[in-house]
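*Asks:* We have chain Z already, so just place chain R on it with the hints.
Keeping their order, the protein sequence lines are chains Z and R.
The first sequence begins at 3 in this note's numbering and counts up one residue at a time.
The second sequence begins at 478 in this note's numbering and counts up one residue at a time.
It should be emphasised that the hints constitute simulated quantities derived from the structure, not laboratory data.
On a predicted model such as this, the values are computed, not experimentally measured, just so you know.
Keeping only pairs whose Cα atoms sit at most 30 Å apart, straight-line, the calculated BS3-like set for lysine-lysine is:
id, chain 1, residue 1, chain 2, residue 2
1, R, Lys571, Z, Lys71
2, R, Lys555, R, Lys571
3, R, Lys555, Z, Lys71
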Amino acid sequence: MTHTKGASEQMATGVSVIAGTSDHSLCGWRVRTEWPVPELLPWSGDDRRPDIWIRMGQVPGELDGTVRKHPLVQVNERGWLRFTVRNVADYLVRDGNEVVIDTAHSPDTADVALFLLGSVLGFLCHQRGLLPLHASCVEYEGKVFAMAGHSGAGKSTLAALLLAQGARLLSDDVTVIDIRAEGGPLVLPTYPRQKMWRDTLDKLGIAPGRYLRNTVQLQKFDRKVTDLFQPARTHLDGVCQIHLQLRESGLRIEALDGLPAVRMLYENVYRRIAAGLLGRSDQVFADCALLGGQLAHHALVVPNGLDTLARHGDDLGRLMGGLR
Amino acid sequence: MMRAAPRENVWLASYPKSGNTWMRIALGALRDGEAAFDLARMTNNIGIFLAMRHRLDMALDIDSSDLSAEEVHLLRPKIYGLIDTQGRQTTIWKIHDCWMRTADGEALFPSDVTAATIYLVRDPRDVAASFAHHFEVDIDRAIDLMADPAYRVAAKANSAHFHLPQHYSTWRNHVLSWLDDSGHDPLTIRYEDMVADLASTLKRVCATLGWSSSDAAIEAAVAATRFDRLRAEESAGKFPESLRGDRPFFRRGIAGGWRDTLTPAQATRIERDHGDVMARLGYL
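Bound-form chain R, shown alone:
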């Protein structure tokens, strides 16, 4: 296969509602400088969503909407080096898929084009509450979906999607796929640590990315991405990834909110479904 020289890819991977967007915005503020901070442009410029259907179409010169989900899945690993990354040698990709291989045995996110992997993780009890809000389901349904090994999104058979089908699997399997199966040795970042001390967290991420950001730059990025500021900008219509209706994307931005949201039975279900991995990450 003749390909362009492999560009370096950074996978910014997480189960949904685990701080991926927040981290993308913070890295954007860090890279572009606080003076250039513009939420309306930021999310387009950093953490490009790899599952956007048109990226695959552009890279492979096909209409993926004419292909089956299985056919598209086999093509996904073919696109690296073919996507227009606007001249950047290193590209940060936002990913919600679990790490997996295609039916051909190819890694969806191959090691040989990987510069670094950052895996963001959040207490699944908080994920459940946020997930229910984001996808407009009740919390029990969110807990069901988080425990469904077959859970895929954008795979409905009767309508158009702008996203490619993505396999989330269970919350537990998602974590283990990236931490253990991928072989990427990711830098694991806990949402709770971002809430407690974003500056320290960004320093660890910068070290992994090889960015030499000054303390002042990091403090400026932290200031630019304070939750109340993000929320205000979203209210002013400046966040391009807002949800439908009047629901805010930036909802609470806290750690441990599940304590006043979930019933004891709901929390117990989550602990039963994912307990071993929760314990490993310090959530139990």
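Isolated chain Z (complex conformation):
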């Protein structure tokens, strides 16, 4: 880990100062951050300049030249994006390579990094022309699958069940895809943590890691899975959309082809509204159409209920292992 005292470069707008920085790896980028992000692995790559800077500073309440607004997001004419999470932080995300964090919290809170590794990662991807899916991603028996679904669909739970079957994790919750990489779509692995609800951890017999939110309705913890992490950029083989069904007692999988696959991908684009505010709607749709034609896509129907699901780890392994 590289530590430097003070920032080596000053920013264009007001920067308050800086305790220290460290370099980490995220999606293969060298990320230099003034805010602690213990979820990330330390940078162990070459001595390139940082790909992304995360700094502390002031974020204006209203961006100059704002052209589009949503309740939590503003975008200005330069494509800079302002994101606010009340009681946590304001984030300014620009040019796909810089994040300014404005927060009253002290660095020991997990909240600021939680949204940095969630929404802000999604915004950076859109600015960099990458496709983020709301999906967890694992490598299992030599194949890489993203498991997509909205919050609460069971992405992390299914990934945890597969990890117990010998899979390795590439990402939890947000799967970053480089559609136009040579040789087909690549997954850019994020970091070796899972974000899980307390009841899921208990049911699967997993010890909770860091408590993620102080004032939550749902107690979320992280789960460190460094030994089960696959950090190399890897070809993506397929996407499964998770469908929870109340009356299912087992798991089944159905192929999705053509337009249903494109629609499924589009509906699972992470921070899709922000992509629209950034003027990228058409590009995102084109990416989904391209990806829809390239890969195997499936609907993965699973029982809605942790008790039932927890008993089906073996079945899940068999189903996923059978996908080609």
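*Replies:* Chain R only, in chain Z's frame:
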């Protein structure tokens, strides 16, 4: 704030177990026509449940599960005009929250996006029996919860919910919040009047919604939503909102069933807790 033009919203509000689902199904049958009646699809198409977590997530491009209950509550009024209503200008929303303001002072169901408010109400002694069945508690516990001003659902701290936290308050406060505090001047529909004469009740609702439904259409909708028919369809697995286990959602569908279900002491407790509002609505 740049927003899409406000769509018109109809709030179909009630304390739970007061006929909200029945009314949604009847309005669905009326809107789509009896020939197209399909219970399996109906409840998705009309009376959309506003407290579904994913609707807020989709509208605001966030994961509300990362936010505290208080943070989510402040965001709830921000979603109107941002929810995909499948092109419909007027959207009917099913609501069980009491009418209230957020900590920021914003109305949870703001007047300026409201086309009409329909408030469904039922004798709380019957509500108690139905509530106990639905939520799998005994009747005394149901009576306790109906008298708890802090009563909230989907707010448990250690597990996932598909619904956002909703504040019910007491049965009495719930009624008064919608009838008096909201300023919406709702059309109040009694469950007992639906049981006695659904056709007349639907006519009043149609007048409020501005629907010009013929008498024949209303009669067809009444036929499609007869209790025995709903119950049979549920038994055949065609009702998507069935309860867990073998308990039927459509339980008895009658008015005054409390007389053979509640003890005199239980009925007296309810009358003591909510008597003034019961009297106002003709229940005492």
